[in-house]
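Protein chains in written order, with this note's numbering: chain C, 1 to 105; chain F, 1 to 628.
Hints are computed from structural coordinates only; laboratory data are not their basis.
Being a predicted model, the structure only gives us computed values, none of them experimental.
Glycine included, every Cβ here is placed at the ideal spot set by N, Cα and C.
A couple of the hints might just be wrong.
Unchecked claim - Below, a list of computed lysine to aspartate or glutamate pairs in the DMTMM-like style, where the Cα atoms sit at most 25 Å apart: (1) F/K527 <-> F/E448; (2) F/K546 <-> C/D17; (3) F/K527 <-> F/D475; (4) F/K117 <-> C/D4; (5) C/K58 <-> C/D83; (6) C/K104 <-> F/E247; (7) F/K527 <-> F/D350; (8) F/K319 <-> F/D410; (9) C/K104 <-> F/E48; (10) F/K564 <-> C/D94; (11) C/K104 <-> F/D500; (12) C/K104 <-> F/D350; (13) C/K43 <-> C/D17; (14) F/K216 <-> F/E139; (15) F/K168 <-> F/D410; (16) F/K68 <-> F/E120; (17) C/K104 <-> F/D159; (18) C/K104 <-> F/D79; (19) C/K104 <-> F/D432; (20) F/K371 <-> F/D303; (21) C/K15 <-> C/E44; (22) F/K117 <-> C/D94; (23) F/K2 <-> F/D46; (24) C/K104 <-> F/D24; (25) F/K25 <-> F/D79; (26) C/K104 <-> F/E560; (27) C/K104 <-> F/D340; (28) C/K56 <-> C/E13; (29) F/K85 <-> F/D24; (30) F/K166 <-> F/E247; (31) F/K252 <-> F/D500; (32) F/K68 <-> F/E139; (33) F/K117 <-> F/D500.
Said to hold, decoys possible - Label-pair restraints from in silico Cβ distances: (34) F/D136 <-> C/I81: 41 to 47 Å; (35) C/F27 <-> F/Q246: 54 to 60 Å; (36) F/G568 <-> C/I73: 44 to 50 Å; (37) C/Y95 <-> F/K216: 56 to 62 Å; (38) F/D71 <-> C/I73: 36 to 42 Å; (39) F/Q573 <-> C/N85: 52 to 58 Å; (40) C/F29 <-> F/P103: 54 to 60 Å.
Residue-level listing of the chains:
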Amino acid sequence: QKMDLQSRKVTNEMKVDLCSKYFMIGFAFLPFVWLVNAVWFFKEGFVKEEFEGQQKIKKYVILSGIGSLIWTIGFISWIVIFDQNRVAWGATADYMSFNIAVGKP
Amino acid sequence: EKLKNTGNVNGVILPGIKEGKWKDKIPRAQSDDIPCPNQDSSLYSDLESRCGSTQRPWNPDGENLLWKNWDFPIFLINDGNTTAKLYDCYAEHNTGPEATTWPLCSVELKSPMYAAKDSETCYRRSNIIVSIEPQDYCEPLSDYNLYYFQTPRNGTQPDGRSFVQKEKSVAVVLARMDALNIFDKEEVGFDSPTTGIVTLIATAQAIKKALIRSYKPDYENIMFMLVHGESLDYIGSNRIVYDMMQEDFPMKLSKDLQSNGILKNGTQALFNLTNIKYIVELGQLANTQSSEMYYHAHNTNEDIIGIINRLSASPLDIKKSTRTVLPPSSSHTFLKKMPDIPILFISNFDQQYSNVYFHSIYDNALVHNYKYSAGENQRIVQHLTQIATALADALVFAAAADTQSTPKADPGIINSMLECFAETRNCSLYRDVGRPRNFPYVGIVSDEPFAQYISVHSSFHTTMTKQIFQYFTADVVEQEEEECGDVDSCQKQCLMRNKDQMVYRYQFMVGPDCHNQTGAFCGVCYKSTVFEKLARSPAFEPDVWKTYDFTSNEYPTWTESYWKSISGRMFLQPSPAIQHTTLAIGLTLTLLSLPLTYFLQKKSSIIFEDGASVTGAAGSNTPAPVAL
Numbered sequence: 001q002k003m004d005l006q007s008r009k010v011t012n013e014m015k016v017d018l019c020s021k022y023f024m025i026g027f028a029f030l031p032f033v034w035l036v037n038a039v040w041f042f043k044e045g046f047v048k049e050e051f052e053g054q055q056k057i058k059k060y061v062i063l064s065g066i067g068s069l070i071w072t073i074g075f076i077s078w079i080v081i082f083d084q085n086r087v088a089w090g091a092t093a094d095y096m097s098f099n100i101a102v103g104k105p
Numbered sequence: 001e002k003l004k005n006t007g008n009v010n011g012v013i014l015p016g017i018k019e020g021k022w023k024d025k026i027p028r029a030q031s032d033d034i035p036c037p038n039q040d041s042s043l044y045s046d047l048e049s050r051c052g053s054t055q056r057p058w059n060p061d062g063e064n065l066l067w068k069n070w071d072f073p074i075f076l077i078n079d080g081n082t083t084a085k086l087y088d089c090y091a092e093h094n095t096g097p098e099a100t101t102w103p104l105c106s107v108e109l110k111s112p113m114y115a116a117k118d119s120e121t122c123y124r125r126s127n128i129i130v131s132i133e134p135q136d137y138c139e140p141l142s143d144y145n146l147y148y149f150q151t152p153r154n155g156t157q158p159d160g161r162s163f164v165q166k167e168k169s170v171a172v173v174l175a176r177m178d179a180l181n182i183f184d185k186e187e188v189g190f191d192s193p194t195t196g197i198v199t200l201i202a203t204a205q206a207i208k209k210a211l212i213r214s215y216k217p218d219y220e221n222i223m224f225m226l227v228h229g230e231s232l233d234y235i236g237s238n239r240i241v242y243d244m245m246q247e248d249f250p251m252k253l254s255k256d257l258q259s260n261g262i263l264k265n266g267t268q269a270l271f272n273l274t275n276i277k278y279i280v281e282l283g284q285l286a287n288t289q290s291s292e293m294y295y296h297a298h299n300t301n302e303d304i305i306g307i308i309n310r311l312s313a314s315p316l317d318i319k320k321s322t323r324t325v326l327p328p329s330s331s332h333t334f335l336k337k338m339p340d341i342p343i344l345f346i347s348n349f350d351q352q353y354s355n356v357y358f359h360s361i362y363d364n365a366l367v368h369n370y371k372y373s374a375g376e377n378q379r380i381v382q383h384l385t386q387i388a389t390a391l392a393d394a395l396v397f398a399a400a401a402d403t404q405s406t407p408k409a410d411p412g413i414i415n416s417m418l419e420c421f422a423e424t425r426n427c428s429l430y431r432d433v434g435r436p437r438n439f440p441y442v443g444i445v446s447d448e449p450f451a452q453y454i455s456v457h458s459s460f461h462t463t464m465t466k467q468i469f470q471y472f473t474a475d476v477v478e479q480e481e482e483e484c485g486d487v488d489s490c491q492k493q494c495l496m497r498n499k500d501q502m503v504y505r506y507q508f509m510v511g512p513d514c515h516n517q518t519g520a521f522c523g524v525c526y527k528s529t530v531f532e533k534l535a536r537s538p539a540f541e542p543d544v545w546k547t548y549d550f551t552s553n554e555y556p557t558w559t560e561s562y563w564k565s566i567s568g569r570m571f572l573q574p575s576p577a578i579q580h581t582t583l584a585i586g587l588t589l590t591l592l593s594l595p596l597t598y599f600l601q602k603k604s605s606i607i608f609e610d611g612a613s614v615t616g617a618a619g620s621n622t623p624a625p626v627a628l
């Protein structure tokens, strides 16, 4: 119940604190934390009426969103490149792989 | 080939010729190999020499089924009932006036293989360790070579000094031990390799019976070798040559010296390529078409001429081949590393194989007119006896100074061996040479001969060949005063004699007098000089493969893919219309059910009168207090 942002026990300061904490944590190569941060606090930052600290939340939500977007683009690019070139890269690609499919080049 | 190129073929089923509808429908000629077998590992570098001649290659009936990439399964079905059912289903549904109407008869063939691309890739992948359960993709082809020395080679001479084999002092007789075709477990070849194996062993036995008491001054021994995997770019001979060059033949003496006398009861002196005087290789020997034999000589010298003359003087009809190049043979491997070894290759063909079923499932006893029950006077048995006698005589004449008698090969043992190798594994010779706690006294004895394919582990074919070889060339170990007890303890005592020595190989076999209808009740200890040595390509040695250049062609690099069991199913396929209709109905039902369920839930209080009994129902309109 503590995680329910609708609960009256969660003050605005705590919300701002959570949002900024999540934003910081996301720098530890945790893009999904940023995504969660952006989605979770979106309503708080952009839908609700103005409250103290909402600017900060807005900032963090936007930055988290951008961060996770960059990561997503990066992942997709790497996946596409690896998938296209894995066979051509031969031994190098094999050493990069954890699971190599059976019966396929 | 043409069918494959249309891209319309998804699978091929070949009905067997042993029983059923297609019984005895053998093609006039068929060979799965290429017209120039083993051309990439040939001694020669130009295609003309590798093939004998490109217009008249060694194996003109070669269709190259083995070395092509077929991306659909090809199944051989021997069972007459199954092939009959397949044909009936086809006749009933796929032909005739209703040929294009559904339902149609269909077959699903499953042949999952784990390896892909090439040996280097799959072997590398098999050796990447990233988890506690590594995935294997392929395995190198591997079995055992057999070698036999006519005279025991005790590493320590009677006067205490260690024995060193003189240069060019040992005559070598060589034959390949393996067969190949595209169907797994169906690799039994009569002309190649069975005639060679049988003749080699018979020759060794004849020489043994003749009892060489002493050799001429430039001879010290005669060695017989059966090499495995020769159909696949000479795997066995490559390994033997490699071992010899690594001072690992017959065993690594240096390792033994280091570990301070593992073999304290007897070692053998090292043997390498320099000790070889000449090689007499036995190729395909069957006289199915004609009894004419040919010799192909390479690096001819007086020793070879002596053998040729002696062979020509025998009743054997042997002529010089009109070719100037050596046919594909294991000798190529030896020549590549030591080009001046004299070679004499004996075969039943001059310019092109007389065996039109080389490396094919049809190279069997039937097409070569062999039947065990026809006895030892049948043509093929007499022919091989003649070859073995002539060869044994020629070798003894060249090498021995004093023998007890002139060598004569025994047609009875040749017939027995042919029965086991080419007709059935349920044969009397296997019962004589079997070990009491092994085949054929343990397990099921079916009627097929053992497959002669090298595969990735040791095979029954190799083990039984070794035991047959030992049986015919060994001395019986006389029992000492006290009995050795029951079969198991006798066997144990016999095999104990192998401990710490490598001069003799003691083998405990049942022997001719120790078995009856019910099984084996005793055994005999045989003292032989027949040994086995691992026949796996040097490319896969632990200290070689990581840096080995797989494109260099220096060693064979054939591997076999891991595979799950193959299976097939036959079924009637309904028309696409029916299949689409079924799918459409299913989809519609699913799509309909979603809003239907939603509405049912929404209006559940109206539809289901008893509203009070709705406890914990999702979407209920009356919110019930839920305790936190």
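To see whether the hints hold, each was checked on the structure:
no.: 1; hint: F/K527 <-> F/E448; result: 30 Å, violated
no.: 2; hint: F/K546 <-> C/D17; result: 56 Å, violated
no.: 3; hint: F/K527 <-> F/D475; result: 5 Å, holds
no.: 4; hint: F/K117 <-> C/D4; result: 55 Å, violated
no.: 5; hint: C/K58 <-> C/D83; result: 37 Å, violated
no.: 6; hint: C/K104 <-> F/E247; result: 40 Å, violated
no.: 7; hint: F/K527 <-> F/D350; result: 40 Å, violated
no.: 8; hint: F/K319 <-> F/D410; result: 24 Å, holds
no.: 9; hint: C/K104 <-> F/E48; result: 37 Å, violated
no.: 10; hint: F/K564 <-> C/D94; result: 23 Å, holds
no.: 11; hint: C/K104 <-> F/D500; result: 48 Å, violated
no.: 12; hint: C/K104 <-> F/D350; result: 44 Å, violated
no.: 13; hint: C/K43 <-> C/D17; result: 16 Å, holds
no.: 14; hint: F/K216 <-> F/E139; result: 46 Å, violated
no.: 15; hint: F/K168 <-> F/D410; result: 30 Å, violated
no.: 16; hint: F/K68 <-> F/E120; result: 18 Å, holds
no.: 17; hint: C/K104 <-> F/D159; result: 63 Å, violated
no.: 18; hint: C/K104 <-> F/D79; result: 32 Å, violated
no.: 19; hint: C/K104 <-> F/D432; result: 47 Å, violated
no.: 20; hint: F/K371 <-> F/D303; result: 37 Å, violated
no.: 21; hint: C/K15 <-> C/E44; result: 9 Å, holds
no.: 22; hint: F/K117 <-> C/D94; result: 13 Å, holds
no.: 23; hint: F/K2 <-> F/D46; result: 29 Å, violated
no.: 24; hint: C/K104 <-> F/D24; result: 39 Å, violated
no.: 25; hint: F/K25 <-> F/D79; result: 15 Å, holds
no.: 26; hint: C/K104 <-> F/E560; result: 15 Å, holds
no.: 27; hint: C/K104 <-> F/D340; result: 45 Å, violated
no.: 28; hint: C/K56 <-> C/E13; result: 11 Å, holds
no.: 29; hint: F/K85 <-> F/D24; result: 19 Å, holds
no.: 30; hint: F/K166 <-> F/E247; result: 15 Å, holds
no.: 31; hint: F/K252 <-> F/D500; result: 14 Å, holds
no.: 32; hint: F/K68 <-> F/E139; result: 20 Å, holds
no.: 33; hint: F/K117 <-> F/D500; result: 45 Å, violated
no.: 34; hint: F/D136 <-> C/I81: 41 to 47 Å; result: 29 Å, violated
no.: 35; hint: C/F27 <-> F/Q246: 54 to 60 Å; result: 57 Å, holds
no.: 36; hint: F/G568 <-> C/I73: 44 to 50 Å; result: 47 Å, holds
no.: 37; hint: C/Y95 <-> F/K216: 56 to 62 Å; result: 59 Å, holds
no.: 38; hint: F/D71 <-> C/I73: 36 to 42 Å; result: 37 Å, holds
no.: 39; hint: F/Q573 <-> C/N85: 52 to 58 Å; result: 39 Å, violated
no.: 40; hint: C/F29 <-> F/P103: 54 to 60 Å; result: 57 Å, holds
Figure legend: structure checked against the earlier numbered hints; hints not met, in rising order: 1, 2, 4, 5, 6, 7, 9, 11, 12, 14, 15, 17, 18, 19, 20, 23, 24, 27, 33, 34, 39.
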